[in-house]
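Work out the full structure: start from the sequences and follow the hints.
One letter stands for each residue in the lines below.
2 protein chains.
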Amino acid sequence: MAVIALRKYGTWMLGILASLFMCMAVAAASEPLPSWNDGATKQAIIDFVVRVTKDGSADFVPEAQRVAAFDNDGTLWAEQPMYVQALFVADRVKTLASQHPEWTSKEPFASLLKGDATGVAASGESGIAELMAITHAGMSTDEFAVIVSDWIATARHPKTGRLYTEMIYQPMIELLAYLRENGFKTFIVSGGGIEFMRPWAERVYGIPPEQVIGSTGGLKFEMRDGTPIIMKTPDLVLNDDKDGKPVGIQRHIGRRPTAAFGNSDGDLQMLEWTCSPPGARLCLLVHHTDAEREWAYDRTSRVGRLDKALDEATAKGWTIVDMKQDWKTVFPKEDAR
Amino acid sequence: MAVIALRKYGTWMLGILASLFMCMAVAAASEPLPSWNDGATKQAIIDFVVRVTKDGSADFVPEAQRVAAFDNDGTLWAEQPMYVQALFVADRVKTLASQHPEWTSKEPFASLLKGDATGVAASGESGIAELMAITHAGMSTDEFAVIVSDWIATARHPKTGRLYTEMIYQPMIELLAYLRENGFKTFIVSGGGIEFMRPWAERVYGIPPEQVIGSTGGLKFEMRDGTPIIMKTPDLVLNDDKDGKPVGIQRHIGRRPTAAFGNSDGDLQMLEWTCSPPGARLCLLVHHTDAEREWAYDRTSRVGRLDKALDEATAKGWTIVDMKQDWKTVFPKEDAR
Numbered sequence: 001m002a003v004i005a006l007r008k009y010g011t012w013m014l015g016i017l018a019s020l021f022m023c024m025a026v027a028a029a030s031e032p033l034p035s036w037n038d039g040a041t042k043q044a045i046i047d048f049v050v051r052v053t054k055d056g057s058a059d060f061v062p063e064a065q066r067v068a069a070f071d072n073d074g075t076l077w078a079e080q081p082m083y084v085q086a087l088f089v090a091d092r093v094k095t096l097a098s099q100h101p102e103w104t105s106k107e108p109f110a111s112l113l114k115g116d117a118t119g120v121a122a123s124g125e126s127g128i129a130e131l132m133a134i135t136h137a138g139m140s141t142d143e144f145a146v147i148v149s150d151w152i153a154t155a156r157h158p159k160t161g162r163l164y165t166e167m168i169y170q171p172m173i174e175l176l177a178y179l180r181e182n183g184f185k186t187f188i189v190s191g192g193g194i195e196f197m198r199p200w201a202e203r204v205y206g207i208p209p210e211q212v213i214g215s216t217g218g219l220k221f222e223m224r225d226g227t228p229i230i231m232k233t234p235d236l237v238l239n240d241d242k243d244g245k246p247v248g249i250q251r252h253i254g255r256r257p258t259a260a261f262g263n264s265d266g267d268l269q270m271l272e273w274t275c276s277p278p279g280a281r282l283c284l285l286v287h288h289t290d291a292e293r294e295w296a297y298d299r300t301s302r303v304g305r306l307d308k309a310l311d312e313a314t315a316k317g318w319t320i321v322d323m324k325q326d327w328k329t330v331f332p333k334e335d336a337r
Numbered sequence: 001m002a003v004i005a006l007r008k009y010g011t012w013m014l015g016i017l018a019s020l021f022m023c024m025a026v027a028a029a030s031e032p033l034p035s036w037n038d039g040a041t042k043q044a045i046i047d048f049v050v051r052v053t054k055d056g057s058a059d060f061v062p063e064a065q066r067v068a069a070f071d072n073d074g075t076l077w078a079e080q081p082m083y084v085q086a087l088f089v090a091d092r093v094k095t096l097a098s099q100h101p102e103w104t105s106k107e108p109f110a111s112l113l114k115g116d117a118t119g120v121a122a123s124g125e126s127g128i129a130e131l132m133a134i135t136h137a138g139m140s141t142d143e144f145a146v147i148v149s150d151w152i153a154t155a156r157h158p159k160t161g162r163l164y165t166e167m168i169y170q171p172m173i174e175l176l177a178y179l180r181e182n183g184f185k186t187f188i189v190s191g192g193g194i195e196f197m198r199p200w201a202e203r204v205y206g207i208p209p210e211q212v213i214g215s216t217g218g219l220k221f222e223m224r225d226g227t228p229i230i231m232k233t234p235d236l237v238l239n240d241d242k243d244g245k246p247v248g249i250q251r252h253i254g255r256r257p258t259a260a261f262g263n264s265d266g267d268l269q270m271l272e273w274t275c276s277p278p279g280a281r282l283c284l285l286v287h288h289t290d291a292e293r294e295w296a297y298d299r300t301s302r303v304g305r306l307d308k309a310l311d312e313a314t315a316k317g318w319t320i321v322d323m324k325q326d327w328k329t330v331f332p333k334e335d336a337r
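Protein sequences appear in the order of chains B and A. Numbers 1 to 337, taken from full-length UniProt numbering, label the letters of the first sequence in order. Numbers 1 to 337, taken from full-length UniProt numbering, label the letters of the second sequence in order.
Please note: incorrect hints may appear among the correct ones.
Which copy is meant is left open, so a pair is good if it fits within one copy or across any two.
With a cut-off of at most 25 angstroms between alpha-carbon atoms, the simulated DMTMM-like pairs for lysine to aspartate or glutamate come out as follows [claimed, not checked]: (1) 333 <-> 181; (2) 54 <-> 202; (3) 316 <-> 222; (4) 324 <-> 290; (5) 220 <-> 312; (6) 242 <-> 225; (7) 242 <-> 142; (8) 220 <-> 125; (9) 242 <-> 222; (10) 220 <-> 235; (11) 185 <-> 298; (12) 308 <-> 222; (13) 242 <-> 143; (14) 94 <-> 334; (15) 308 <-> 298; (16) 324 <-> 166.
Please keep in mind that the hints were generated in silico from the structure rather than gathered at the bench.
Here's what the structure looks like:
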C-alpha cells in the first residue's frame, strides 16, 4: 500500500517536473529579438550576450556588473519631426496661455502661440530657458509628474496620430527585455528631462524611475503648511547630453556600462566611455534609414544629427543598425499597450 | 523493470524534494534580526514589513515601490570620534605631504600635519574646502576608487584598532538583509561622499554603487591620449545632508522611500519626506546610548548631533532604537568579513 502510494506520488511528481522542464525548454528555444531580421546586426547582439553571460568564458561579466545604457529620443522612441518634450512644452504653453494674457506680445511665447518656430528659435538660449522654466519649474515634483502623466496619456503624434508611447520601437523593446532576461540592468541615459521620462518609463519600457537618468533641473525641499514637498527650480544641474552622458552615468550608476545604445552625436561620449576598456563590450547606433516606415536622417538633421558618431562607429567597428534592413517592424501594434 | 526504475526514480526525486522543502521550512522559521533584543523596537520593524508585504492588506506596497533609505555615518557604521571620511582626509594629506613641502607653513595643512584640530577648524569653510579639493579632486574617478579601496583595506579605527569596515553595526546589517529578503531595494543616502562609499559599500553592506547616494562633487569627461576618463573637480554638486537628502533621493531614486533610517538631525528631512504621506511607513532613528560598547551622544554632540530629530521622532511616534537596550551585539565578530 505504502509502495503503491509512493509510486503514485512519484508518477504525479514526475508529471509535474516534466511539465516544468518542458516549459523551460520552450522558453529557452523561443527565438530572442523576433522583430529583428536575421543578419549581422542581430547576430552581433546575441553573440555579445552569449559571451558575457557564459560562466567560465574569458569575457564573462558577473551579473551585478551587467549594465546597459539606452539613449531615449531616436533610440527607444521616435524623435521626428521634433523631440517629444519640445511638443510637450508647446502644448503646456498653449494650456497656460489663458492665465498669461501678456504672452501674446512677449517673446518667445508670442511666436510659440502663433506656431512660428523661426520666431521661437530667434529667441535663442535665453528664450528656450524661459520656456523651460515656465513649463518645468515652479511646481512640486509630484505636481509635475501628474502634468506629464496626464499629457502623455492623450497627446498624439502630429504625423501618425498615435500616442507617443506607441511611437516606441518594437525591436528595441525586445532588446531591453532580452538583456534583462540575461541579467542586465537597463538604464535610460537621455538628454531629455529626467522628471519628464520617469512618470511613464516603467510602464512603457519596464525601466523603473531609479534607472532613468536625464537632464536634471534643480530641486528644493520645502515645508508647505507642515507638509514636505520638493519644488522644481529653473536651474540646470546636469545637461545629460554629449560630455554630460558619461557624467550622468558615473553620478547615477557609479560603474561603467557593458553595453550602450544610441543614435546620434549626442551619444558619442557615452559609447566611447562604454567601449574603450578591453573585454566584451557592445556599442550600438540606430541609424534611421527608413523614410517609409519611420524617417531617414543622419549627417545634416537638425534633430538627432548622426555625423561624427557614425564615422567613429565605422572606424571602431561598433554595431550599426540599418533600420530599414534590420527591423521587421518598427512600431508595436497600436493599442498593444 | 520499468516500474522499478520509475519507483526508484520517484523515491530519489522525493528525497530531493523533501530536502528542498526542509530547507525552505528552516529558512522560513529562522528568526529575522537575531542581534536585536525582543521588544517594541524589533516588533515595530517586523510589523511594518509584514503589513507592507502582505498581499491584499490595506497597507500592501508593490515590490517595485519598496524603497528603503539608510544614512551611513552613525546609522550603518560608527562615526565617533570623527567621521571616517575626515580621517581619510587626514591620512591622505599626510601621505601627500612629501610632495608638498610648502604645507608645513600653509594652513590648514600645517595644523592638520601637526594634529592640531583646533587649527584646522580655525581655517573655516574655505580651509575645509581646500582639504577636500586636494584629497577628493584632480584625479580620475577610477584613480580615486583605487585610493579609497587601498586606504580602507588597511586603515584602522583610532580607538578600537579595527578596520573601519568592521566598525559597522551587526543589527543594521541584519536589517538590510531582512528588508532585501522582503523585496526592498536598499539605498544609502549619506552626507558622506558618494565616490568615497561606492568602492566598498557592495562588499560590506550588499549595496551596489547605483544604490549609493551621497554628497557629490563635480565630474568632467575628458579624452587623455585617446582614452576617455572622468576627472573629479572640486565643485560641490549636491550636499546630501539635511534638506539635501530628500533632493538626493528624488534625483537618484525618483520615488519616495517607504522606510528611512537615520541617527542625527542631518536625517530629519529625509524622515519627514519618507513618513509624511499616509499609509504604512517606517521612520527609525538609531539613538547612541551605549557608552560601554560604542558611544553615548545626542543633543550636544559635535559629530552626529541628534536634537530636533529626537523631539520630532518622539512627537510623531517614529521608531527610536535604544542601542544599549535593543541591540544584543553592536559590531560583527572581528575578521567576520
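- [ ] Give the relationship of residue 308 and residue 298 under a CA distance limit of 25 angstroms: within one copy only, between copies only, both, or neither.
- [x] within (10 angstroms within a copy, 58 angstroms between copies)
Open item on the list: For residue 220 and residue 312, with the copy left unspecified, which applies at a CA distance of at most 25 angstroms: within, between, both, or neither?
Closed with: between (40 angstroms within a copy, 21 angstroms between copies)
Task: Intra- versus inter-copy proximity for residue 222 and residue 308 (alpha-carbon distance at most 25 angstroms) - done: Intra 44 angstroms, inter 17 angstroms, cutoff 25 angstroms: inter-copy only.
TODO: Could you figure out if residue 94 and residue 334 sit no more than 25 angstroms apart (CA to CA) within one copy, between two copies, both or neither?
DONE: neither (28 angstroms within a copy, 65 angstroms between copies)
TODO: Up to 25 angstroms between alpha-carbons, please classify residue 220 paired with residue 235: within, between, both or neither.
DONE: both (11 angstroms within a copy, 19 angstroms between copies)
TODO: With 25 angstroms as the alpha-carbon cut-off, assign the pair residue 220 and residue 125 to within, between, both or neither.
DONE: So residue 220 and residue 125 pass the 25 angstroms test inside a copy (24 angstroms) and across (23 angstroms) alike.
Task: Homo-oligomer pair classification [residue 142, residue 242; C-alpha up to 25 angstroms] - done: between (29 angstroms within a copy, 20 angstroms between copies)
Open item on the list: One pair to classify: residue 316 and residue 222, alpha carbons no more than 25 angstroms apart. Within, between, both, or neither?
Closed with: For residue 316 and residue 222, the Cα distance is within 25 angstroms only across copies (19 angstroms; inside one copy 49 angstroms).
- [ ] Classify it for me, residue 333 with residue 181: is the Cα-Cα distance of at most 25 angstroms met within a copy, between copies, both or neither?
- [x] within (23 angstroms within a copy, 38 angstroms between copies)
TODO: Indicate which option fits the pair residue 185, residue 298 if close means a Cα-Cα distance not exceeding 25 angstroms: within, between, both or neither.
DONE: Neither: 29 angstroms inside a chain and 40 angstroms across chains, both beyond 25 angstroms.
Task: Identical-chain pair category, residue 324 with residue 166, by Cα at 25 angstroms - done: within (19 angstroms within a copy, 57 angstroms between copies)
- [ ] Can you give me the call for residue 54 and residue 202, within, between, both or neither, at a CA distance of at most 25 angstroms?
- [x] This pair counts as between: shortest inter-copy Cα distance 23 angstroms, intra-copy 29 angstroms.
This entry does not satisfy hints 11, 14, going by the numbered hints stated previously.
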